Amino acid sequence: MATPAAVRHVVVAVAVGGAVALVETASGSLGSLWPAVPASALLAALGSALRPVLRAGRAEQHAELKRLDDLERAARHQSLTAIDAMSGTEFELFIAGLCHRDGFTVHQSRGGAGDLGADVITDSPDGRRVVIQCKRYKPGNAVPGPDLQRFLGTARPIHNADVPVFVTTAWRFTKQSRELAAGQHVVLIDRDLLSHWNNGVSLDKYLPAAPPG
Numbered sequence: 001m002a003t004p005a006a007v008r009h010v011v012v013a014v015a016v017g018g019a020v021a022l023v024e025t026a027s028g029s030l031g032s033l034w035p036a037v038p039a040s041a042l043l044a045a046l047g048s049a050l051r052p053v054l055r056a057g058r059a060e061q062h063a064e065l066k067r068l069d070d071l072e073r074a075a076r077h078q079s080l081t082a083i084d085a086m087s088g089t090e091f092e093l094f095i096a097g098l099c100h101r102d103g104f105t106v107h108q109s110r111g112g113a114g115d116l117g118a119d120v121i122t123d124s125p126d127g128r129r130v131v132i133q134c135k136r137y138k139p140g141n142a143v144p145g146p147d148l149q150r151f152l153g154t155a156r157p158i159h160n161a162d163v164p165v166f167v168t169t170a171w172r173f174t175k176q177s178r179e180l181a182a183g184q185h186v187v188l189i190d191r192d193l194l195s196h197w198n199n200g201v202s203l204d205k206y207l208p209a210a211p212p213g
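Per full-length UniProt numbering, the sequence shown runs over residues 1 to 213.
By construction, these hints were calculated from the structure, which means they are not laboratory data.
One should not assume that every hint holds.
Unchecked claim - Below, a list of computed lysine-lysine pairs in the BS3-like style, where the Cα atoms sit at most 25 Å apart:
1. LYS135 to LYS175
2. LYS205 to LYS175
3. LYS138 to LYS175
4. LYS205 to LYS135
Here the structure is a predicted model, which is why all the values come from computation and not from measurement.
Make a model of the complete structure from these sequences and hints.
Listed below in structure tokens is the structure:
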């Protein structure tokens, strides 16, 4: 709905246009008594009057898009409430289920004693071995670097991972863990990405492109 200010600007624009039209008409009928108003002046006047209206419309559109985005994000994050209540084993089985949903072949669906850092082991549809570490943290806790280091100590050397993946219920990773992941090509899935994954985004959208040939 247009704001009162926007309505006033429209009225001004109409008034300017009407006034100029009257002047143009008068100039045609009364000759030199009414000098003609150039078309450029009319366009300038209308442009000046309508500019605030266009700005107001863009601002309202931006606000509405932000509101819808906030609602969508809230709905996604609300879906994680049940995940927060899971045990460690239930969370691992849940992640394995998402992999299966996305067409991955699941070889191991949970960790445990002697898992050597691999909770879920799958093959992607293009044949790459994906080894996943599943860690439940309180949402406000950041994933520290040492946790990622321990995972890297086994993901490739022991489990032959083509793509190591670290998925967590936490909102963020520390700077150290992000830098380590970037250097070692580890896919990090934080709480926000997990919410997208849980709501239908396929895991392969998060993985790097497969090497050619």
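Report the numbers of all earlier hints that the structure fails to satisfy, in ascending order. none
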